[in-house]
Every structure is written in C-alpha cells, then in structure tokens.
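Note that the protein sequences, when read in sequence, are chains Y and G. Here the first sequence is numbered in this note's numbering, starting from 1 and rising by one per residue. Here the second sequence is numbered in this note's numbering, starting from 1001 and rising by one per residue.
Hints listed in this document are in silico derivations from the structure and should not be mistaken for laboratory results. No experiment lies behind these values; they were computed from the predicted model shown. For glycine and all other residues, C-beta sits at the position ideal for the given N, C-alpha and C. Hints are not guaranteed to be accurate.
[Stated by the list, open to error] Which bits of chain Y does chain G cover? Going by a derived footprint, with three or more residues having C-beta under 8 Å, they are:
no.	stretch
1	76-90
2	122-136
3	174-180
4	192-204
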Amino acid sequence: MPDGTPQGPEGDRIEATVRAVLTSMAGDLTAKESALLAELEGLGRTIARAKAEIAALKVEDIRDAHIPSATDELDAIVDHTAHATNEILDCCETLEQLQAEISGEAADKLQGAVTRIYEACSFQDITGQRIGKVVTALKAIEGRISAVVSAASGMPGPAAAAVAPAVAPLGDKRTEGEKLANGPQLPGSGVSQSEIDRLLASFD
Amino acid sequence: MDKNINVLIVDDYRTMLRIIRNLLKQLEFNNVDEAVDGQEALAKLRAGNFGLVISDWNMAPMTGLDLLKEVRADQRLKNMPFIMITAESKTENVVAAKQAGVSNYIVKPFNAETLREKIEKVLVHA
Chain Y
1 MPDGTPQGPE GDRIEATVRA VLTSMAGDLT AKESALLAEL EGLGRTIARA KAEIAALKVE
61 DIRDAHIPSA TDELDAIVDH TAHATNEILD CCETLEQLQA EISGEAADKL QGAVTRIYEA
121 CSFQDITGQR IGKVVTALKA IEGRISAVVS AASGMPGPAA AAVAPAVAPL GDKRTEGEKL
181 ANGPQLPGSG VSQSEIDRLL ASFD
Chain G
1001 MDKNINVLIV DDYRTMLRII RNLLKQLEFN NVDEAVDGQE ALAKLRAGNF GLVISDWNMA
1061 PMTGLDLLKE VRADQRLKNM PFIMITAESK TENVVAAKQA GVSNYIVKPF NAETLREKIE
1121 KVLVHA
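All chains, full assembly: derive it from the sequences and hints.
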C-alpha cells in the first residue's frame, strides 16, 4: 500500500481495480487522465480508511449495550418514582382520615399541607412524560446507528421504515390529538395557566 | 353547583388519577370514576350518566383531544362539560382543544385552587 493506510479487503479491491485500469490504458492515457485516475485511487483509499475507522469505533456497542442499558435505567426511574409517589399518597390518605378526628386551625393546617403534597406529587406524571420523550429520542438514535453500522459493514441493515424518521412521513395516519401530543415543554417554552386563560377568553 | 354529579377522570398515569380523585374528594365530589385512555372513557361515558369529564391529553390508543371530538360528535354527550388537564402547554394545543369544544383547560403541574375554579366555572355555565 503506497501510504501504509490499512484498507481491508474492499480497499484492496478498489486499488487493484484502479491499477488494472491504469495498466491496461497505460499507453493511451494523457497526463490529465492519469492524474484523474490517481485521484480516484486516492478516493478509494479514503473510503476504505473511513470504513476502517467506523469499525474501530465499535459503534455497535452503542446500539447493543449502551442504549438498551440507558432505556432500562430510565424505565426503572419511572417505576421507582411511581412506587414512591404511591407511598406518599398512602400517607396523605391516612393523614386525611386522622384529620376527621381533630378540628379547628390544626385541621385546616393539616388539610392545607396534604393538598400541597397532592399538588407536588404530580411531578411523577411530568417526569414520566419527560423520560418517555428521552426514551423515544434514544430509540431514534439507536435506529440511525444501526443504519450507519450496516452501511459501513456492507451488511444488510434495518429497513428504511424501521429507522425512526426525523419528520413525519407523507400520508401520516396519526390523529390530530396524536400529532399534537408533544409532552411537557421546557421552562419558558410553553404557555402559562394565565396565558391559557386569556387565550380561551379571547374565543368568547 | 351540584356536587353529586358523576365525574369521570381520564389519565394513563394511575398516580395522577389518584391525585385528582383525592383533590375532588376535598372539593366534595365523591362520585368519581376513572379511565386510563380515551377509548375506555368513551365506553364508560356512553354506558353511564356523567356530569363532568376531566381528561389528560397524551394517552394511547385514544388521546384526550380525540375523546373530546367523539364526545362533541355524540348526540347524547355533546353538551358534557369537559376539562382538559394536561402537560401539553403549546398555544397550538390550547387552540385545537378550544376549536374541538373544550370547556376549560388546565396545564400541569396545577394546584387545587385552579382545579376548583375551573370546575366551578364550567358547572355554573353547564
């Protein structure tokens, strides 16, 4: 190999093909054509080197181990927070039963505290939806990595349809409700309750 | 405002159903039933006698918006007070819900006072 670049069988094949063409045409080539063929030979080496580098990165590890592990961890977070939230709600319901046995200011304070806990516990729904969005993003990355690995190895990859598209394809069969299901927005991205109230009032 | 009406709450998160049920109990609404998606909710609404629906948006196989459209298209259910409680907080979501006939819209996370205020408003106008 002229520049010592490891190429693998496909790189060898490209170089051999180019050399064969050069040899067979040696007497007929102009200087310009020779330069062009040399450029082609260099291009073949570059492609072979890129494939070797992708293979060395072991990107299939991301697909086979890292992403499944990450999604399992995220699922476990959702399960644990749901379990903890249910424990908290159990305690709140017990406190509400005890509230019936007291009266006056203490009962009101207890009621207020329990209400605040109920309100705070809605975090489980919001975080669950946020984690769901992350899992969806990871699965999209997984599909695209599979496609890259397949293209680099020359092996059959996932069908194009199996790789999650970045945008909805034409002929999208989803309902309006599904298309508009974006999940929780980041702080500052969505509209507040008071803005929603004003928006709804503007329809009246 | 009649607090003896049957209320259907719809959410795919069981903890959220439990939270809303308990908040409704504090507001003295004790006749509360639950569904975990729009399809189950629609079957319960058609079979039962409800006076208020409180629904999440993001559920499968039927979303809250699609449930709302089904309710408004149903001759018997079309005037049902329908409150959406959802984390969907884009303007396009609120507009789509209003165009579909939502009675009121609460964005998560919400507080008990907002829930009380919106329920009162829709039931007074029902």
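A quick look at each hint next to the structure:
no.: 1; hint: 76-90; in the structure: holds (count 4)
no.: 2; hint: 122-136; in the structure: holds (count 7)
no.: 3; hint: 174-180; in the structure: holds (count 5)
no.: 4; hint: 192-204; in the structure: holds (count 6)
Hint violations for this structure: none, all hints satisfied.
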